[in-house]
Amino acid sequence: MSHNKDKNDYYQQQPAIVCRELRKSYPGKPPVEAVRGLNLQVNRGECFGLLGPNGAGKTTTIEILEGLLQPTSGDVEVLGRIWKSDGEAIRQRIGVTLQETQLSEKLTVRETLDLFRSFYRTGISVDLTVNSVSLDEKQNARISQLSGGQKQRLAVATALVGDPELLFLDEPTTGLDPTSRRQLWEILRAIREKGKTILLTTHYMDEAERLCDRVAIVDHGQVIALGTPRELIASVGGDHIVEFSVAADQHSLVDTSQLNSLDDVTSVRDEIDRWSLNSRMAHRTIPALLSYLEARNLTLAGLTTRQASLEDVFVKLTGRNLKEEQSV
Amino acid sequence: MSPPPSSSSSSQHPVYHLTVARILEFLRQPDAVFWSYFFPVLMVLALGLAFNKRQEPPVLVDIVDSQLHAAIKESLKQNRQFVLKNSTIDEARVRLRTGRTDLLIEKATEGTGHVYVFDPLRPESVSARSLVDESLQRSAGRKDTIEVIDRPASDVGSRYVDFLVPGILGMNIMGGGLWGVGFAVVQMRIRKVLKRLVATPMKKSHFLWSLLASRLVFQIPGVVILLGFSWLTFGVATQGSLLAALVVVLLGAFTFSGIGLLVACRANSIEMVSGLMNLVMLPMWLFSGIFFSTDRFPDAIQPIVQILPLTPLIGALRAIALEGAGLFEPTQLMRIAILASWSLVSFAVALKWFRWT
Chain W
1 MSHNKDKNDY
11 YQQQPAIVCR
21 ELRKSYPGKP
31 PVEAVRGLNL
41 QVNRGECFGL
51 LGPNGAGKTT
61 TIEILEGLLQ
71 PTSGDVEVLG
81 RIWKSDGEAI
91 RQRIGVTLQE
101 TQLSEKLTVR
111 ETLDLFRSFY
121 RTGISVDLTV
131 NSVSLDEKQN
141 ARISQLSGGQ
151 KQRLAVATAL
161 VGDPELLFLD
171 EPTTGLDPTS
181 RRQLWEILRA
191 IREKGKTILL
201 TTHYMDEAER
211 LCDRVAIVDH
221 GQVIALGTPR
231 ELIASVGGDH
241 IVEFSVAADQ
251 HSLVDTSQLN
261 SLDDVTSVRD
271 EIDRWSLNSR
281 MAHRTIPALL
291 SYLEARNLTL
301 AGLTTRQASL
311 EDVFVKLTGR
321 NLKEEQSV
Chain H
1001 MSPPPSSSSS
1011 SQHPVYHLTV
1021 ARILEFLRQP
1031 DAVFWSYFFP
1041 VLMVLALGLA
1051 FNKRQEPPVL
1061 VDIVDSQLHA
1071 AIKESLKQNR
1081 QFVLKNSTID
1091 EARVRLRTGR
1101 TDLLIEKATE
1111 GTGHVYVFDP
1121 LRPESVSARS
1131 LVDESLQRSA
1141 GRKDTIEVID
1151 RPASDVGSRY
1161 VDFLVPGILG
1171 MNIMGGGLWG
1181 VGFAVVQMRI
1191 RKVLKRLVAT
1201 PMKKSHFLWS
1211 LLASRLVFQI
1221 PGVVILLGFS
1231 WLTFGVATQG
1241 SLLAALVVVL
1251 LGAFTFSGIG
1261 LLVACRANSI
1271 EMVSGLMNLV
1281 MLPMWLFSGI
1291 FFSTDRFPDA
1301 IQPIVQILPL
1311 TPLIGALRAI
1321 ALEGAGLFEP
1331 TQLMRIAILA
1341 SWSLVSFAVA
1351 LKWFRWT
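If you read the sequences in order, they're chains W and H. Counted the way the numbering used here counts, the first sequence spans residues 1 to 328. Counted the way the numbering used here counts, the second sequence spans residues 1001 to 1357.
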């Protein structure tokens, strides 16, 4: 007994997820390298986000961690265990939602959860699960009658019914309307408050900012930045983004080095139709900018200021715009 | 909202939940229920009625020459089996050649007799010649020298419908196993339900057992409906024991579930699995004796005919229903062995090749 207890203590002290030098290539001509040496550690009790554009390797990574795919090379530990020898023990302790699972349309919410509950040795009651994803009123409805948001909440419920220590969510809010997204965020926050570990993938920056304690930005199968949303945003150099444009024929008359020397500006980007400044203090940068334009006799055509976001981090790191890639 | 029933009893065995889920999914698809349970009944009804006529088939006779027509009509009028037509020689020849008449009668060029023109390769034509000749000779005064009694074999148990019902039952078991298991599995693979399930601690064997269990459960109402209907409408009954028939039905359902699983083990599109199913079923539709006896096929292809899994299934069912056989006669054991081999091989290969994601 005490041996088992020691073992359990050992597992409890291990990080929720560790992966080292993870690689996955799919056969082909040439082979597709989806994941290229990815390192990651997710701690117990945190909500961790893998953030990146489509095709960055997020889904491949999460499916390897879920035991659904074999890595080409690299080490993976989930809850202190490895898939090869402890698959059953890991599966008993994790909950999964896949990208776009369509659960059987003919079954009701309750029947579906009864089914998933039966796979787990321990878990929470179906009533409690239904309640935790706010589907009480829909529990006897067939899945075909649910809205997109309700289906996604049910998918989360199938992951929760085994009372997992670790929850994997692959693109949990993709394709949902804003109200449904916000509703799902509330549910995920409540799960995190119960001390569960969550690993989610998303290509929505706002989602990562709102939900995640820490974020890894993934691009071309590697982690290119890691930290809390705050830290990452700060690393861009300032909390604020000041964007302005001048009359179209004057755009090239603006001098980058002079913009850089304006009060509290940390970096400058030429966005072709406008200029974008990272600023530590917008209320000091804007007057300086206006006097500069005045002095050079340039006509201000537009001026906006906003909080910096992970979007800006991604642009800064890759030189590419996340939204442009999404539409591909 | 009234509170839902308590879920405290929800932790039954996974096989129970998986099986119940399959059964509910099936019952909530009215079209699937129709095809599995009522289509075979409609087939028995249609074919049973079509081939269940008590009266003998009509004999079609064309007579060239109106005088002869009148004379023959007079002597054959007692017998309604003959349908006589007075036509020109050209018209009658065309009708004979194209099978629209069985026999052509014309006046002999010499003497008072007449000439039968018939097609010796066509059985109806040959028999029309004999029937007409016999009737004409008798009405002209010929006496039978041996006394005979005709006894048409249309007793219950020896009609076409009695032969047909075990064939349709076998066909239903084949279709049910292949579509019920194979199609369902591929659909779950496409919808990523299989992938979602293997991400849980569910045991893969539990999933496969539930497919099988639900298949056996679906099959029983199908058998009851088909046999009940055949009994009520045509009085079809089995000579042998119903228990023996049930054992064979369940073995058949098991075997074709295995074949369905094999067909579906790697397919990842509906088109692919439908094509494979048809490829697998077509030879059995043609050669396994659903509608007529496999004895009619040439000896050269008999080994193939006999090894197809549907042939021993229908053979065993017919032996029980028509001959009152049990399960332990050597021919029955042979059939059971062929079925069992198919099920073992297909399950083993399907499990080895099965793709979950």
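Simulated from the structure, these hints should not be mistaken for lab results. Hints may contain errors.
[Said to hold, decoys possible] With a straight-line Cα cutoff of 30 Å, these simulated DSSO-like cross-link-like pairs (lysine-lysine) come out:
(1) Lys-106/W - Lys-1204/H
(2) Lys-106/W - Lys-1077/H
(3) Lys-138/W - Lys-1195/H
(4) Lys-84/W - Lys-1107/H
(5) Lys-7/W - Lys-1352/H
(6) Lys-7/W - Lys-194/W
Status of each hint after checking the structure:
1. Using a Cα cut-off of 30 Å, the hinted pair Lys-106/W and Lys-1204/H holds, with the two alpha carbons roughly 22 Å apart.
2. The suggested pairing of Lys-106/W with Lys-1077/H is violated, with an alpha-carbon distance near 66 Å, which exceeds 30 Å.
3. Straight-line distance between C-alpha atoms of Lys-138/W and Lys-1195/H comes to about 25 Å, which keeps the hinted pair within the 30 Å bound.
4. Of the supplied pair hints, the one linking Lys-84/W and Lys-1107/H is violated, its CA atoms being roughly 95 Å apart against a limit of 30 Å.
5. For the hint linking Lys-7/W to Lys-1352/H, the alpha-carbon distance of about 35 Å lies beyond 30 Å, and the restraint is violated.
6. A hinted pair counts as satisfied when its Cα atoms are at most 30 Å apart, and Lys-7/W with Lys-194/W qualifies at roughly 23 Å.
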